[in-house]
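Each chain is listed here by its residues.
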Amino acid sequence: MSPETLPGPEALVQVEDLGVEFGDVRAVDSVTFTLERGGALGLVGESGSGKSTVASALLGLHRGTGARVTGSVRVGGTDVGAATDAELRRLRGPVAAMVFQDPLSSLDPYYAVGDQIAEVYRAHSGASRRAARARAVDVLDRVGIADAARRARSRPHEFSGGMRQRALIAMALACEPELIVADEPTTALDVTVQAQILDLLHALREETGMGLLLVTHDVGVAAESVDDVLVMRGGRVVERGAVAQVLGAPQETYTKDLLSAVPRVDAARDHRPAGTAAEGDVVVEAEGLRREFGRGRRAFAAVDGVSLSVRRGETLGIVGESGSGKTTLGRMLVGLLEPTAGQLRHGGAEKSGKGVVPGVQMVFQDPVSSLNPRRSVGESVADPLRARGDRDEDAIRARVRDLMERVGLDPAHYGRYPHEFSGGQRQRVGIARALAAEPRLIVCDEPVSALDVTTQAQVTALLAELQRELGLALVFVAHDLAVVRQVSDRVAVMRRGRIVEYGTVDEVYGSPQDPYTRQLLAAVPALDPVAAASRRAARRVSSAGAVGKELAAA
Amino acid sequence: MTASTPVATKSRGLTDGLTAGLGGLLGGGFTGFVVRRALGAVITLFVLSVVIYAVFYVAPGDVAQITCGPRCSPAQVQQVSEQLRLDDPLYTRYLDFLRGIFAGQDYSTGTSVLHCDAPCLGLSYQTDQQVTELILNKVPVTGSLAIGAMVLWLILGVGTGVLSAWRRGRATERILTAVTLAGTATPVFVIGLLLMILICGRLQWLPFPQYVPFTEDPQQWAWNLLLPWVSLALIEAAKYARLTRSSMLETLAEDHVRTFRAYGIGERSIVGKHALRGALAPVIALSANDFGSMFGGALLTETLFGLPGLGRELVQAVRVVDLPVVVGMVLVTGFFVVLANAVADVLYAVADRRVVLS
Numbered sequence: 001m002s003p004e005t006l007p008g009p010e011a012l013v014q015v016e017d018l019g020v021e022f023g024d025v026r027a028v029d030s031v032t033f034t035l036e037r038g039g040a041l042g043l044v045g046e047s048g049s050g051k052s053t054v055a056s057a058l059l060g061l062h063r064g065t066g067a068r069v070t071g072s073v074r075v076g077g078t079d080v081g082a083a084t085d086a087e088l089r090r091l092r093g094p095v096a097a098m099v100f101q102d103p104l105s106s107l108d109p110y111y112a113v114g115d116q117i118a119e120v121y122r123a124h125s126g127a128s129r130r131a132a133r134a135r136a137v138d139v140l141d142r143v144g145i146a147d148a149a150r151r152a153r154s155r156p157h158e159f160s161g162g163m164r165q166r167a168l169i170a171m172a173l174a175c176e177p178e179l180i181v182a183d184e185p186t187t188a189l190d191v192t193v194q195a196q197i198l199d200l201l202h203a204l205r206e207e208t209g210m211g212l213l214l215v216t217h218d219v220g221v222a223a224e225s226v227d228d229v230l231v232m233r234g235g236r237v238v239e240r241g242a243v244a245q246v247l248g249a250p251q252e253t254y255t256k257d258l259l260s261a262v263p264r265v266d267a268a269r270d271h272r273p274a275g276t277a278a279e280g281d282v283v284v285e286a287e288g289l290r291r292e293f294g295r296g297r298r299a300f301a302a303v304d305g306v307s308l309s310v311r312r313g314e315t316l317g318i319v320g321e322s323g324s325g326k327t328t329l330g331r332m333l334v335g336l337l338e339p340t341a342g343q344l345r346h347g348g349a350e351k352s353g354k355g356v357v358p359g360v361q362m363v364f365q366d367p368v369s370s371l372n373p374r375r376s377v378g379e380s381v382a383d384p385l386r387a388r389g390d391r392d393e394d395a396i397r398a399r400v401r402d403l404m405e406r407v408g409l410d411p412a413h414y415g416r417y418p419h420e421f422s423g424g425q426r427q428r429v430g431i432a433r434a435l436a437a438e439p440r441l442i443v444c445d446e447p448v449s450a451l452d453v454t455t456q457a458q459v460t461a462l463l464a465e466l467q468r469e470l471g472l473a474l475v476f477v478a479h480d481l482a483v484v485r486q487v488s489d490r491v492a493v494m495r496r497g498r499i500v501e502y503g504t505v506d507e508v509y510g511s512p513q514d515p516y517t518r519q520l521l522a523a524v525p526a527l528d529p530v531a532a533a534s535r536r537a538a539r540r541v542s543s544a545g546a547v548g549k550e551l552a553a554a
Numbered sequence: 001m002t003a004s005t006p007v008a009t010k011s012r013g014l015t016d017g018l019t020a021g022l023g024g025l026l027g028g029g030f031t032g033f034v035v036r037r038a039l040g041a042v043i044t045l046f047v048l049s050v051v052i053y054a055v056f057y058v059a060p061g062d063v064a065q066i067t068c069g070p071r072c073s074p075a076q077v078q079q080v081s082e083q084l085r086l087d088d089p090l091y092t093r094y095l096d097f098l099r100g101i102f103a104g105q106d107y108s109t110g111t112s113v114l115h116c117d118a119p120c121l122g123l124s125y126q127t128d129q130q131v132t133e134l135i136l137n138k139v140p141v142t143g144s145l146a147i148g149a150m151v152l153w154l155i156l157g158v159g160t161g162v163l164s165a166w167r168r169g170r171a172t173e174r175i176l177t178a179v180t181l182a183g184t185a186t187p188v189f190v191i192g193l194l195l196m197i198l199i200c201g202r203l204q205w206l207p208f209p210q211y212v213p214f215t216e217d218p219q220q221w222a223w224n225l226l227l228p229w230v231s232l233a234l235i236e237a238a239k240y241a242r243l244t245r246s247s248m249l250e251t252l253a254e255d256h257v258r259t260f261r262a263y264g265i266g267e268r269s270i271v272g273k274h275a276l277r278g279a280l281a282p283v284i285a286l287s288a289n290d291f292g293s294m295f296g297g298a299l300l301t302e303t304l305f306g307l308p309g310l311g312r313e314l315v316q317a318v319r320v321v322d323l324p325v326v327v328g329m330v331l332v333t334g335f336f337v338v339l340a341n342a343v344a345d346v347l348y349a350v351a352d353r354r355v356v357l358s
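Order-wise, the sequence lines are chains A and B. Just so you know, we're using the working numbering here: the first sequence kicks off at 1 and counts up by one. Just so you know, we're using the working numbering here: the second sequence kicks off at 1 and counts up by one.
In case anyone wonders, no lab produced these hints; they're calculated from the structure. One should not assume that every hint holds.
[Stated by the list, open to error] Short, incomplete list of chain A residues facing chain B, as computed with Cβ under 7 Å:
hint: 1; residue: Leu59
hint: 2; residue: Arg92
hint: 3; residue: Met98
hint: 4; residue: Phe100
hint: 5; residue: Ser106
hint: 6; residue: Val120
hint: 7; residue: His157
hint: 8; residue: Leu344
We treat Cβ as the ideally placed atom computed from N, Cα and C, and that holds for glycine.
Whenever a hint applies, use it, and build me the whole structure from the sequences.
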């Protein structure tokens, strides 16, 4: 990719000086790039960097939305800006097909998956209904949906997340496009399923020679999948080049910062002395904890026979994929859910009665919905103080201001409302609220998974700092193996309600004993493209085995 | 399974107690859903009957005195009271009432015995006529009015709503919004009266409405009802247009609509197929409610056009405190509302199988 030379007529995508404005906001500013036929380009950036806006511009999706698009976009020989509506429709699908993020809402819930693919195929090929349906089964089979003829008649909600994402890729394939534009295609998926989807895209490219434009916030995903990469920030391209070069030897400060903020699953944590926590008192201890949901035939155990303990000043990481029971476990530790069986001891005493345990607090995943939008953040932070019976308003306010300062917020923002803060700041409010009642233990449920990597790094650093100063015990529940490695002293790996591996960080990540742990670790995208390629090869070999077959159904 | 909650409001019918899960596909899960929903409807009706019976018969005022009339002597009032068994405890009377619905009942008038057939809702205090018969005679009138008007208002309302959502921000939408707003704000007796004066009086295109049973002459039936239908539909359509419009705007902004746009599917298919289907759910719910309650509430329209329907009968019965008729009418109205809601819930589930799961 060389923007200086005039792109030849054969280039698949030519974007020149692209700008997109929504009202007064300039979302994309003078972006220029080309993508040759069969090439793979990654657009990498944090939220608000304009990467998805660029992807939408390739298919002319801004038309009619009120956005102002300047510059020139040519895809497969069509000038997207000047094309008529009919020309645009012919471009969308047969030339460039989009694979969207969040696959549950990206398919029509009322129609069978196969019918939706068939509709798209028929719109462009003019094929008969019967032929289009056969085509849909064909492409579903090709993306690895088992028993495609039958599953084509299923509706989207009957598919798992991974299968829906496969179905969206199948829809793209149906029209045999020259270019696939994939917008965060794996963001909503578990790490093992993510690896499968990326492997699938890779295999399809090898097979059909399609070009790929991949939009992602995850540098590791880009490293696995593309040849060249553009790093975007605030609507502009800050760095571009071959993926090995940009990720291996970044030139720009922003790229360097971004890369250093990415938690590494292959590097030991460095920001705290090991072993400080091992000797503290036990803050919480669980034995044979079990929790069932549903009744009768539909009953299932979300958590099944879990035993663990957390000491003062220590962080226990609980890692697992969706449905592994990690959130249920976290909620039981706080007392938000009652265990069906098993014992829970807080500070050596058996938990008695129902309800939340004093001295235990929780930080939630979504800092948007876990704060009341109609109350000021200061009031939200003050809630636990009032709940425990504090009545002196001046003292409460003083304490809240202290707490806000402590977590890096401006105490003068006491009266502001959640929507006036960024995601990272809102999570800081959540942490301040958890700290308010001076807890011994804080259970953090996916505290950083909704945040950009640089913000993620700041929030985890804050948690570590607070832990050091206050001697807090932390339980850190997350799906992200790299983040858990960076913040934890000990780790429990959960699968289907059980702990399959439990030990110190070095033991679990250094020499995993359980096959599931090994498989999880193998699925984490590597930042180094060479390593990524060799791991992909390794996954190919192992997917011939039994574990792979089981996962293909996911 | 707790689908048997007494008051099945629509949302409760949809969500409450249907935690079944049940494997997901149509098969047993769907049948189970329908069965649970029907059971819920039956229980709702039962509770409704208790409440209505209690409310009307416990209400203050001497029923015997009112029934007998102001000029009755105390002895006569006493006789009426015995005839109506007003001295028996309320619950035995209710149980008899309930038995009457399923098995029929005999009433003694002092001199003779009147039999009341199986779905017996009692006898009119005033005329000794069977309430069931009385109501059944009126149902075709109100039913004709309701069905015709609903078809019209759905076509008008949903059509207008879809059009104005699709043409959002353009002149079409602004004109449609103004028209529907005017429609909502105008009472039926204004529109109906104006139409009647203009079309039946001045222009003489249509006869002044007069109910002709469908079985007698379908053409005259439709011809005579056309004006009531149109007047009622114009008012109701406005409500439906606004609902459809906002619902369509929501579904048009959904991600799956974006998917089909990004694959070059034409606007007609996107609007008419993918967006409209999702937008219809609240429309179905509202029409079920409206259709059901028309059996008790098309009063103004019936009075205006002189149609001998349930609404007029109810007013008449209330005026003379003919309690068996009033109770029967309210129960039948309730029956239609509950039935229509149950049907709407099942329609929901047919349209969107996820309902069965939730």
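We went through each hint and held it up to the structure:
no.	hint	verdict
1	Leu59	6 Å, holds
2	Arg92	4 Å, holds
3	Met98	4 Å, holds
4	Phe100	6 Å, holds
5	Ser106	5 Å, holds
6	Val120	4 Å, holds
7	His157	5 Å, holds
8	Leu344	27 Å, violated
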